[in-house]
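A.B. asks: Please take these sequences and the hints and turn them into a complete structure.
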Amino acid sequence: MSRVNTVLGPIPTEELGLVAVHEHIGYGMPGSELDTKWWRSPEQRYEETVPKLRAFHEHAEAYGGGTFVDVTGICNGRDVDYYRSLSAKTGVHIVACTGFVGGDTALPHFAAADVDYLTRQFVHEITVGIGGTGALAGVIKVGVSRGGRMTELDKRIYRAAARASLATGVPILTHLAIDAENAVAIFREEGLPLHRVLFGHVDDGVNAEKTRDVWIAEQGGRIGFDTFGYETELPDPPFWARPRRERLEHFLRFIGDGRITQVLASADANCSPLGWPGVKGHTVNYIFDDLLPDLRGAGLSEAAIRTVFVENPADFLTIQK
Amino acid sequence: MSVKSNSVYTVLGPVSAAELGVVAVHEALLSVVPGAQYAFDVTLDRAAIFEALAARLREFRASGGGTVVDRTGLFHGRDVRLYQALARATGVHIVASTGQGPEAMLGGYFLTPQTNPPTPWPAEKFAELFAAEVTEGMVVPRVERLGPAGLVATAATRSGMTATDESLLRGAARAALATGVPVSHLFGADAVRELEIALDERLPADRVVIGGLDRTDAVAAGAPLEIARGGAYVALDHIGSTDEAYLTGAERVALVLELVRAGFGDRVLLSSSATGVAKGHDGNDVAFGHVLTRFVPQLRDAGLSEADVQRIVVDNPRELLSISVPVQASAPVSVD
Ligand SMILES: [Zn+2]
Chain A
1 MSRVNTVLGP IPTEELGLVA VHEHIGYGMP GSELDTKWWR SPEQRYEETV
51 PKLRAFHEHA EAYGGGTFVD VTGICNGRDV DYYRSLSAKT GVHIVACTGF
101 VGGDTALPHF AAADVDYLTR QFVHEITVGI GGTGALAGVI KVGVSRGGRM
151 TELDKRIYRA AARASLATGV PILTHLAIDA ENAVAIFREE GLPLHRVLFG
201 HVDDGVNAEK TRDVWIAEQG GRIGFDTFGY ETELPDPPFW ARPRRERLEH
251 FLRFIGDGRI TQVLASADAN CSPLGWPGVK GHTVNYIFDD LLPDLRGAGL
301 SEAAIRTVFV ENPADFLTIQ K
Chain B
322 MSVKSNSVYT VLGPVSAAEL GVVAVHEALL SVVPGAQYAF DVTLDRAAIF
372 EALAARLREF RASGGGTVVD RTGLFHGRDV RLYQALARAT GVHIVASTGQ
422 GPEAMLGGYF LTPQTNPPTP WPAEKFAELF AAEVTEGMVV PRVERLGPAG
472 LVATAATRSG MTATDESLLR GAARAALATG VPVSHLFGAD AVRELEIALD
522 ERLPADRVVI GGLDRTDAVA AGAPLEIARG GAYVALDHIG STDEAYLTGA
572 ERVALVLELV RAGFGDRVLL SSSATGVAKG HDGNDVAFGH VLTRFVPQLR
622 DAGLSEADVQ RIVVDNPREL LSISVPVQAS APVSVD
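Protein chains in written order, with my numbering: chain A, 1 to 321; chain B, 322 to 657.
Everything labelled a hint here was simulated from the structure, so no lab data went into it. Quick reminder that beta carbons are idealized off the backbone N, C-alpha and C, glycines included. Incorrect hints may have been included.
Subject to a maximum C-alpha distance of 30 Å in a straight line, what follows is the list of computed DSSO-like cross-link-like pairs (lysine-lysine) [claimed, not checked]:
# : chain 1 : residue 1 : chain 2 : residue 2
1 : B       : 325       : A       : 155
2 : B       : 600       : A       : 280
3 : A       : 37        : B       : 446
4 : B       : 446       : A       : 280
Residues on chain B that point at chain A, a partial pick, calculated with CB under 7 Å [to be verified]:
#  : residue
5  : 354
6  : 359
7  : 361
8  : 395
9  : 429
10 : 433
11 : 437
12 : 439
13 : 442
14 : 443
15 : 460
16 : 601
17 : 604
Residues from chain A that keep clear of chain B, each with C-beta distances beyond 12 Å, as calculated [claimed, not checked]:
#  : residue
18 : 185
19 : 246
20 : 289
21 : 296
22 : 298
23 : 305
24 : 306
25 : 319
C.D. replies: Okay, here's the thing in structure tokens:
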């Protein structure tokens with residue numbers, strides 16, 4: 001049976017449709033909830049978020065529906081009850097994650113935990129539920145802390161994620177693909193096939209040069225071009241922005257080398273950011289408004305687009321037990 | 322220059338300082354290791370937590386206690402709504418704290434913010450965060466502000482103060498200066514040096530309490546007397562639990578008497594660091610009334626006068642917690 005865990009329950013892979021594989025309903029660093037400068041009323045949150053999801057749903061209709069994978073880690077404002085209401089009211093499938101964006105977003109209780117405890121946390125959220133919501137996590141998030149190298153805590157989290165992935169069949173998404181040798185070594189030691197791992201953010205402006213995307217693909221990993229839209233051309237670009245043309249060419253070059261079945265793409269946008277200003281105008285719908293036209297303009301076929309946005313994510317997200 | 326008002330900020334608002342009675346000045350109500358609220362094996366049953374805390378507070382009141390100070394800060398399980406209900410239900414005054422620390426207890430928002438480079442928060446930003454919790458109310462994350470914080474609690478890393486620990490302490494001192502609440506600082510490795518940092522922010526010494534001074538390393542360094550000489554309050558705050566790192570009960574009694582005889586009876590504070598309900602850690606299962614019911618009798622037996630006992634368990638915490646209004650500054654509360 002093919003299935004994927006969404007916040008409203010498991011769905012057949014065939015229902016996923018077009019998948020935005022690395023997105024956020026709202027993201028904030030742990031502790032940002034204490035700073036009232038970022039607070040919005042629930043009215044504002046829904047007002048900022050629902051129209052974006054509704055547009056996403058309408059755009060995705062041509063692909064048989066749309067799935068929004070929220071990769072907001074455990075301590076980053078992940079709010080599954082809220083996601084459930086959004087999904088139920090807009091028709092967008094929402095997949096929530098377990099795991100952490102990086103060691104530096106794991107709060108002290110988890111930062112002090114050993115691999116076994118972290119594994120049990122992840123497995124529980126995938127098989128029993130996230131908090132009291134009853135919703136099951138559909139992906140595991142891991143990542144590299146600020147500073148460019150995996151910390152000891154990052155490595156503990158990667159190892160726990162590998163074990164939880166093997167135990168449950170749910171795949172792993174990474175925040176950043178720098179220092180990939182260490183990540184690959186951990187996954188290999190744990191016996192996790194690398195096609196169960198999406199190495200994300202190979203395309204961001206800060207890290208693209210330092211990221212061995214081809215090497216990771218050669219090892220069998222999946223590659224995430226998932227910060228599409230964070231462009232230096234924006235009026236107020238974030239520090240990880242990159243010239244639009246440069247990112248697009250990077251992507252085209254990569255798939256041109258016969259690696260189209262290994263790539264996934266997304267916009268890493270926030271519907272309504274929780275602990276940072278966000279980037280005005282950048283939404284998950286960049287995929288439809290800008291990215292797909294750019295890809296078509298570059299000569300990509302509809303079949304190729306379906307490979308990147310429908311078939312690859314379906315293969316990746318399907319629970320493999 | 323500053324003058325003392327006669328009020329103290331409790332979770333239910335300003336209360337006349339004369340009403341506090343005996344104060345347990347360095348305790349924890351609900352103590353949750355940051356992140357444990359998301360752990361698969363931790364349950365937070367509010368009704369059960371309320372019942373357990375209410376029982377402890379009623380026991381404290383029955384033993385003669387009047388006020389409990391929760392000095393866990395803003396990010397270690399503090400639940401203002403629950404504390405308000407507890408204060409109403411039990412009649413015990415509850416003073417809650419803003420502040421946080423040491424560095425290892427902070428969220429990534431303060432340590433690796435989404436800037437390039439990810440520069441940790443400076444003192445000024447902590448000062449604003451903490452002061453607003455006094456003047457505008459304590460945060461219920463992403464929901465509302467509720468009730469004024471009555472003190473700023475910080476702590477330094479045991480192996481030695483980090484740069485962020487110092488920013489926290491300086492920010493706490495600035496917030497205290499601006500709002501009139503005191504700073505309660507749990508020292509890391511060097512109590513005297515850490516007090517100097519707070520004083521360097523021009524906070525009067527009598528607006529600071531240094532905690533952890535019944536640790537053997539503090540006593541070996543002569544810190545209790547040195548801190549008292551510097552004009553700050555000296556908190557012996559592990560009364561009732563046995564821990565290798567701390568003095569024994571008898572040694573504590575001797576230290577209190579030594580401080581009083583040296584003329585620092587008005588600088589001494591006693592507490593237990595009791596944990597009402599602990600999640601994600603073992604906590605410290607000591608009654609809030611332990612100082613009153615078990616330790617004070619030992620002090621009397623050792624010859625401490627009744628006047629000194631009253632001074633230590635009633636007058637000193639009352640003076641510490643009374644809002645100190647900066648003269649010629651816009652006062653956060655009316656001086657009555
Ligand atoms: Zn992201």
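A.B. asks: Please go over all the hints and tell whether each is borne out by the structure.
C.D. replies: Structure-based check of each hint:
1. B:325 <-> A:155: Cα-Cα ~53 Å, so violated.
2. B:600 <-> A:280: violated (39 Å)
3. A:37 <-> B:446: Holds: residue 37 of chain A and residue 446 of chain B sit about 12 Å apart, inside 30 Å.
4. B:446 <-> A:280: Satisfied, since the Cα-Cα distance of roughly 25 Å is no more than 30 Å.
5. 354: The hint holds - residue 354 of chain B has a Cβ within 7 Å of chain A, the shortest such distance being about 5 Å.
6. 359: Holds - the Cβ of residue 359 of chain B comes within 7 Å of chain A, reaching about 5 Å at its closest.
7. 361: holds (4 Å)
8. 395: holds (6 Å)
9. 429: holds (5 Å)
10. 433: holds (5 Å)
11. 437: holds (4 Å)
12. 439: It holds, given that the least Cβ distance between residue 439 of chain B and chain A is near 5 Å, below 7 Å.
13. 442: With Cβ-Cβ at 9 Å, over 7 Å, it is violated.
14. 443: violated (14 Å)
15. 460: With a closest approach of 5 Å, the residue 460 of chain B hint holds.
16. 601: holds (5 Å)
17. 604: Residue 604 of chain B check fails; min Cβ-Cβ to chain A is 14 Å, beyond 7 Å.
18. 185: Residue 185 of chain A is indeed farther than 12 Å from all Cβ atoms of chain B, at 24 Å.
19. 246: holds (18 Å)
20. 289: holds (25 Å)
21. 296: holds (33 Å)
22. 298: At about 30 Å from chain B, residue 298 of chain A clears the 12 Å cut-off, so the statement holds.
23. 305: Its Cβ never comes within 12 Å of chain B, the nearest being 31 Å, so this holds.
24. 306: holds (34 Å)
25. 319: Holds: least Cβ distance 19 Å, greater than 12 Å.
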